[in-house]
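A.B. asks: Sequence:
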Amino acid sequence: MNRSYDSFVQSEGNLSCSSLQDINNFNSTSSAAKPFHKAFHMSVMLLLAVMAGCGNQYRPTVTPINPTGPSAQPTAQLVVISQPGMDNGAIIPSNCMANAYADPGVTTVIDFSGDSVMAQAQIGYGPLTFALASGGTSAYSLNTDCSVSNISATTTLQTKAVQTSTLLSGLIPINALSTTSSLYVVQQNVTTPGADSVGQFTGSPEKLQQTISVDPVPVNIVGATSAQRVYAISQGDSDGASPQRGDCDNPSAVTATGMADAIETATNTATARIPLGVCPVYGMMTPDTLRTFILNRGSGTVTVINSQLNALDSTNNLSTGGGMNGSGTITVGAGPIYVDYYAASQILATANYDSGTVSFIDASTDIYGNDSPTFGRVIKTVTVGAHPVDLSILQDGSRVYVACQGSNTSSIGTAPGSVYVINLPGYNVEKSIPLTINPRSIASIYNYPIGKVYVSSQNSSNLTIIRTDTDVISSTVGIQGNIVDIRASSPYPGASAPTSTNYITNSRSIGSGMP
1 MNRSYDSFVQ SEGNLSCSSL QDINNFNSTS SAAKPFHKAF HMSVMLLLAV MAGCGNQYRP
61 TVTPINPTGP SAQPTAQLVV ISQPGMDNGA IIPSNCMANA YADPGVTTVI DFSGDSVMAQ
121 AQIGYGPLTF ALASGGTSAY SLNTDCSVSN ISATTTLQTK AVQTSTLLSG LIPINALSTT
181 SSLYVVQQNV TTPGADSVGQ FTGSPEKLQQ TISVDPVPVN IVGATSAQRV YAISQGDSDG
241 ASPQRGDCDN PSAVTATGMA DAIETATNTA TARIPLGVCP VYGMMTPDTL RTFILNRGSG
301 TVTVINSQLN ALDSTNNLST GGGMNGSGTI TVGAGPIYVD YYAASQILAT ANYDSGTVSF
361 IDASTDIYGN DSPTFGRVIK TVTVGAHPVD LSILQDGSRV YVACQGSNTS SIGTAPGSVY
421 VINLPGYNVE KSIPLTINPR SIASIYNYPI GKVYVSSQNS SNLTIIRTDT DVISSTVGIQ
481 GNIVDIRASS PYPGASAPTS TNYITNSRSI GSGMP
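Residue numbers (the UniProt record's numbering): 1 to 515.
What the hints contain is simulated information worked out from the structure, not anything from laboratory work.
Ideal Cβ positions, reconstructed from N, Cα and C, are used throughout, including at glycine.
Fair warning: there could be bad hints in the mix.
[Said to hold, decoys possible] Restraint-style ranges between C-beta atoms, simulated for each label pair:
hint	residue 1	residue 2	range
1	Asp469	Asp239	34 to 42 Å
2	Asn88	Ala344	38 to 46 Å
3	Ser213	Leu309	35 to 43 Å
4	Ser113	Gln244	45 to 53 Å
5	Thr271	Tyr448	40 to 48 Å
6	Ser319	Ser113	47 to 55 Å
7	Lys207	Glu264	41 to 49 Å
8	Lys431	Val117	41 to 49 Å
9	Gly203	Val117	28 to 36 Å
10	Ser319	Ala98	53 to 61 Å
11	Arg273	Ser181	20 to 28 Å
12	Ala98	Thr202	20 to 28 Å
13	Ser327	Tyr368	16 to 24 Å
14	Ser327	Ile91	19 to 27 Å
Given only the sequences and the hints, what does the whole structure look like? Please build it.
C.D. replies: Structure (structure tokens):
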């Protein structure tokens, strides 16, 4: 029996290919078919053919083509350590101070491209300084409560992920060095004077593995991430005279010379004692680990250690235009306290605090790792503002930015300072940029086509940012608490190693001759 047209429409709510046969049957047998029914039939047939794909109807497949463009730029961040409520600078205490501050210290990660705060977390109380590993993602804060905070300095940083280790009773962390295998911490023993040491830590959180005895009044430790050995810098000599800790804040009154103790990273034993100048305060090892340079503030010299031979560099190349006379020392401006290195040209730059100068040194070696004929030559000493406290070589090799404290007689003065810009390879001052803060730290990141220079003060919570394409202050970022120190995760993220990695992995705290 044939269905009526109305019943057919009501029963065929879901059109399908099988519905076509029903429609054909209806039109061929129903006596109720009218002209408009035939029009309906033709419309439905066409709709079903298109939508249901009956028979061999072609159905094109559309594959979207995503737009392509240049690869994303390599990323870099600035790592900032700060302390809320810090008024007089991050001064090393005479004893462990668990309650020095009401609030814990803070780590802030700032994005290079947007100058924005990407992450923030609480760390230990009263950070004094921090070391940043070569990868730029692991930071180690040394705190006044005699603890070490292990910080994942990335954009995913969270307080709950910060791990803190406490030193043995009576030991205050002074400075630290991060290497591939260990974290080395210079420890002042406030319980037993004269028993200062270097602690070797491993693990996460860090656990003390052993204590290494070194010469009196150790102030820092120098090395590179994969070095065969590292060097503890001491201001005293266990076989001779030794100053008291803090005497080198007035280096002209000190005559005792210091010592560097070589520590083998494979065995963590001291293997050599290398004489230094008066009041050594800081140093660095070249990324290839061939040479180590120690800054002697009291002598106005740089001691050169041949890290391969584990001895003073005895080269005498004065006759070939070099700067080495066989004594292992290079004379620079008075009061060298900080150093940076440009690997592409093998140039060293020292900030000479007491003479208001920057010295540029030829640190070139040949393909065999030997000193070049011009190694050790002071290329030029450039006059900048008073009290250059820190400097940073822009890693495209074009300029050096020098933070000068100006007329301030204290390392944590309040009068505004300035940043001097020295061009390379001309070694001339291009510009002086006035600041509203008294600087203590400076860092730079270059990522073609521009770079940025970051300046901070321990008396301010404001981070000053300078664009290198204009050499003017472009922005200021507020930080939670006064800034203790800053480090760049990568000085040139778009380059190859060592320029792309953080190659200075030791910290620098205030005190014992270090402003």
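A.B. asks: Against this structure, judge whether each hint is valid.
C.D. replies: Verification of the supplied hints:
1. Distance hint for Asp469 and Asp239: a CB-CB separation of about 54 Å, inconsistent with the stated range 34 to 42 Å.
2. Between Asn88 and Ala344, the C-beta spacing of about 40 Å keeps the proposed range 38 to 46 Å intact.
3. Checked against the hint of 35 to 43 Å, the pair Ser213 and Leu309 fails, with Cβ atoms roughly 23 Å apart.
4. Between Ser113 and Gln244 the C-beta distance comes to about 47 Å, which sits within the given range of 45 to 53 Å.
5. The hinted window of 40 to 48 Å between Thr271 and Tyr448 holds, with their beta carbons roughly 43 Å apart.
6. Checked against the hint of 47 to 55 Å, the C-beta distance between Ser319 and Ser113 comes to roughly 50 Å, which is consistent with it.
7. Roughly 20 Å separates the CB atoms of Lys207 and Glu264, a value that falls outside the hinted 41 to 49 Å.
8. Between Lys431 and Val117 the CB atoms are about 29 Å apart, so this pair departs from the stated range of 41 to 49 Å.
9. For Gly203 and Val117, the Cβ-Cβ distance of about 30 Å falls inside the hinted range of 28 to 36 Å, so the restraint holds.
10. Range check, Ser319 to Ala98: about 59 Å between beta-carbon atoms, so the 53 to 61 Å window is met.
11. In this structure, Arg273 and Ser181 meet the distance hint of 20 to 28 Å, their C-beta atoms being roughly 23 Å apart.
12. Range check, Ala98 to Thr202: about 25 Å between beta-carbon atoms, so the 20 to 28 Å window is met.
13. Separated by about 23 Å at the C-beta atoms, Ser327 and Tyr368 satisfy the suggested range of 16 to 24 Å.
14. About 35 Å separates the C-beta atoms of Ser327 and Ile91, a value inconsistent with the hinted range of 19 to 27 Å.
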